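Enquirer: Residue numbers (the UniProt record's numbering), protein chains in the order written: chain D, 1 to 346; chain P, 1 to 201; chain Y, 1 to 320.
None of these hints come from the bench; they were simulated from the model.
All values derive from a computational prediction rather than experimental measurement.
We put the beta carbon where it would ideally sit given N, CA and C, even for glycine.
It is possible that some hints are incorrect.
[What the hints assert, rightly or not] Some chain P residues close to chain D (C-beta under 7 Å, calculated; not the full set): (1) K8; (2) L137; (3) C146; (4) H172; (5) S174.
[As the list claims (entries may be wrong)] Okay, derived cross-link-like pairs now, DSSO-like style, lysine-lysine, Cα gap no bigger than 30 Å in a straight line: (6) P:K17 x Y:K211; (7) D:K332 x D:K297; (8) Y:K211 x Y:K303; (9) Y:K114 x D:K210; (10) D:K210 x Y:K303; (11) Y:K303 x P:K17; (12) D:K210 x Y:K166; (13) Y:K239 x Y:K298; (14) P:K8 x D:K317; (15) Y:K114 x Y:K211; (16) Y:K114 x D:K114; (17) P:K91 x Y:K76; (18) D:K317 x P:K17; (19) P:K147 x D:K75; (20) P:K8 x Y:K166.
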Amino acid sequence: MGIQFKQETFRDDYTFSNSPEAIRRFPFPFDRDEYMYSVNIEQHMPGPPKSYVEFPIDIDEHYVSEMRDRAIVLKEDPLRCQSLPHMLPAEWDLVELLMDSMSKHYPEHFQLTKDGDRWHWVNQPLGIDQTFTFGDTATLPCPPMEYITRQCQGDFALLDQRQDNLWMDAGIVTTQADWSLDFDIGMNFMEWHGPVPIAHDIGVFDRALKFLLNLQQGRPVRRLNWTMTINPRLDTSPENYHKWGQEKATVTPENVGDKVHLRVELQALWRLPRSNAIVFSIRAYLISMEELVTIPKWGRRFPRILKSLPEPIANYKGLSRYREMTIDWLSKYDDGQPTSPGFFPD
Amino acid sequence: MTTLSDIKSRPIYAGLKVDEYARRHLVAAEGEGARAVIEAFSMAPEALDRTTILYCPGGSAGQDHETALADLAPDLIHVAPSIETLLVRLKGMLNTATMGTRLYATGTEGFIGQVVAAAVGFGVDHHSIFTEHRGSLARRVQCVHCKGMTDNVTATPFTCSHCGLTLFVRDHYSRRLGAFQGVCVDAEEPGVIPPAEELYK
Amino acid sequence: MSGGVEILVRVADIEQATATVRRFTLAPLSGEPLPVYSAGAHVVVTMDDDGHRIRNPYSLISRAQDGSHYRIGVLKTPNSRGGSIYLHEKVCEGDELVITMPVNLFPIVRTGRKHVLVAGGIGVTPIYAMAEELRAASAPYEIHYAMRDASCGAFADELVEMHGDKVRLYRDDAQEVIRVDAILPHQPLGTHLYVCGPEGMIDAILAGGRKAGWPVENLHSERFLAPMGGAPFSVALAKAGITATVRSDQSLLEAIEEAGVDAPYLCRGGACGQCETRVISADGELIHNDHYLSDEEKASGAKIMTCVSRLKGRELVLDL
């Protein structure tokens, strides 16, 4: 039967919403009541059926509308998709990874047939039917990374490995939490994490870099990261901050449930075979406070998390302006009962 | 040499020292960077007959550093009227340069950034470029909204010289652009602009 | 599984490439194509020699277009702990082996404008793959390959056939040596050099590179160390609550594995850092043989790379 794709918007009239099934599979990122900074990297192994980690690349009911939103962003600002010249082998690696995974796990929507280097790709939800020669850029309508990531949910960065560091030398970034690919492209691992508070001082990035330099083919890893967004806007880019920033001031005690969204990123990293590069995928999920509290455990836990969040982290995530109001609104869903350990709904 | 703050994305300017093994020394200097060149190369006079100096007086115009540089008697010294013209000549030289050429860059941070970015375009690893910051702490800033560059920014917030937005200077540096990031300061409450602070003199 | 995903292969062909080097063609048992890899990568081969488990890294020479086989080259080293002798003397066509997924600790720097590849002896194996990748990418490169004598020519003949006048050969018996001072001065800016071969040759080439004024950032080498034997000692694994003996012919890591503990590793050659382990106590001197820890870290005695390093003393206590 496949996925029922929704028609919705992530801008202007903001018609985005989650179905009850989408709420239940939301990647709620807190396994305890108190906020703790952690890198929490784990193997990107298949999770339970219907969960967001059932398959390595998660396609959900928002797929078609998210791809439409990405096309709008790229039309307005082509610099959101860039690749330095030496990254072409990594771009093809990404084509292979995404086409293989999508066609294997969602065969009712995507089909891939290979005859040597001659590949035939069918994307039914987006109405695409493409025959091309793997490795020959001139046989695709646009460069390989852009081609496939216009058809896959999530932002992607390609990291070149040289001189014992990782260099963000290509990417497509249209659903980001306030960082600029155009500014960060060409930076190494330490540099692009520069603005993140606290973590540098406790050695988090040194350890993470060492871990990733030895990331192996066939053993991808993942972690969750989170922030909050006003309105279900995917494009919270610095480029357009002067356009969406004002929305942060529109939160009132009456509209918290509808306007304030928890935004969770499923970040996954794979070693790529031809290029020895790493692909860093950042897949954003949004859930409104109204939707969140339909899971009683999350309704109790999330205000407790917000209360325990250190000020520098709240500032870095840009949620100081509406944190108190959100805690107040959520507190009617927190009866003080203990919560069960772990991420998942009871 | 100036010690700069703890910004992770900002390069470390470790100071000029002459690479004794280099077959050719290619030196790009701006303004007060002339002093760093004189200090480093007067310690290694045997290197001077293999040394090319490209110098732009920039912010130190009128102080006659070019004469002091010429007194070092390098193989070649070229005084450029502007950073742009210096970069044109530098790129021409890099295009035909061979391995064994050591590149040096010194002057304001914006100048060093542009030299490093030019060299990276010719396959030079930026770690192999010896750099020293001299002169003003003024920053070169890219507006994240319109992508326009504004040179010699000394205060935050400031007005973007291209799109006119009022920008806060973020402590985040791009080597590729040779610039800091400027972000709209009143995006959340238009018109509410904090007083400018002179931080980068 | 600490070394990653494993692949079962069958030895499809054995070829005596030179007097001391055998090339093994490895085909996947499953029939699924072997993974694509980037040039410079190696696999770790697991061998079971009469109950002694030996794991050695070997650079990948080539992969069939359709993934139906890999080739590795193995030099017979008489003073090894047995890995290469096992492969030379006991492994036959049709035998099964276990290999890891490819790992690359010697990658081509793709931002480079030209690439100078230098190989000595068995060090030709990663260089062979790098040359092929550069040729396929139409990138500028040249190859310098030093070998003992004409009988070592199996790799040389193939390199010349594939790369023509980009290959320069040097024969020890004809007193031909790689003249770094002649090769390096006129290379275009942005050239990178890669060297793999005997320890002394690597040192000489890198020193020559620096003398020619090349920045260290443009000089790359791969040194795989075979774990050196030594006096036996005892190792106590604090977390596992196990004590084992490290025999003189096995590495610390092999002894840990033999004791049933799944310790981390990747290259098994002292290069990647994956097997770094905290030392709780050591009554004796740590013999650090790796290229990973800094001199300060080695001196501190707080860490050891279990794949190639050992203890000169009685007992080592590790945080494992």
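Enquirer: Each hint should be assessed against the structure and marked as holding or not.
Expert: Verification of the hints:
1. Because the smallest distance between the Cβ of K8 of chain P and any Cβ of chain D comes to about 3 Å, under 7 Å, the interface hint for this residue holds.
2. For L137 of chain P, the interface hint is violated, since its Cβ never comes within 7 Å of a Cβ in chain D; the closest pair sits about 18 Å apart.
3. For C146 of chain P, the shortest C-beta to C-beta distance to chain D is roughly 9 Å, which exceeds 7 Å, and the interface hint is violated.
4. With 7 Å as the threshold, the beta carbon of H172 of chain P comes within range of chain D, its nearest partner Cβ sitting at about 5 Å, so the hint holds.
5. Taken as an interface hint, S174 of chain P checks out: its beta carbon lies about 5 Å from the nearest beta carbon of chain D, inside 7 Å.
6. Distance check on the hinted pair: K17 of chain P and K211 of chain Y sit about 16 Å apart at the alpha-carbon level, within 30 Å; holds.
7. For the hint pairing K332 of chain D with K297 of chain D, the CA-to-CA distance comes to about 13 Å; that is within 30 Å, so the pair holds.
8. In summary, the hint linking K211 of chain Y to K303 of chain Y is not supported, as the alpha carbons are separated by about 34 Å, beyond the 30 Å threshold.
9. The suggested pairing of K114 of chain Y with K210 of chain D holds, with an alpha-carbon distance near 28 Å, which does not exceed 30 Å.
10. Between K210 of chain D and K303 of chain Y the CA atoms are separated by roughly 15 Å; this keeps the pair inside 30 Å, and the hint holds.
11. The straight-line distance between the Cα atoms of K303 of chain Y and K17 of chain P is roughly 34 Å, outside the 30 Å bound, and the hint therefore fails.
12. Taking the CA atoms of K210 of chain D and K166 of chain Y, the gap is about 36 Å. The hint is violated against a cut of 30 Å.
13. At most 30 Å may separate the alpha-carbon atoms for a hinted pair to count; K239 of chain Y and K298 of chain Y meet this at roughly 23 Å.
14. A threshold of 30 Å between alpha carbons decides the hint, and for K8 of chain P with K317 of chain D the separation of about 18 Å falls inside it, so the pair holds.
15. Only pairs whose Cα atoms come within 30 Å are accepted, and K114 of chain Y paired with K211 of chain Y is accepted, the gap being roughly 19 Å.
16. Between K114 of chain Y and K114 of chain D, the direct Cα distance comes to roughly 34 Å. Violation of the 30 Å bound is thereby established for this hinted pair.
17. Distance check on the hinted pair: K91 of chain P and K76 of chain Y sit about 50 Å apart at the alpha-carbon level, beyond 30 Å; violated.
18. For the proposed pair K317 of chain D and K17 of chain P, the alpha carbon gap of about 42 Å is over 30 Å, so the pair is violated.
19. A distance of roughly 17 Å separates the Cα atoms of K147 of chain P and K75 of chain D; the hinted pair therefore holds under the 30 Å criterion.
20. About 43 Å separates the Cα atoms of K8 of chain P and K166 of chain Y, which puts this hinted pair outside 30 Å; it is violated.
Hint compliance for this structure: hints 2, 3, 8, 11, 12, 16, 17, 18, 20 are not met, and every other hint is.
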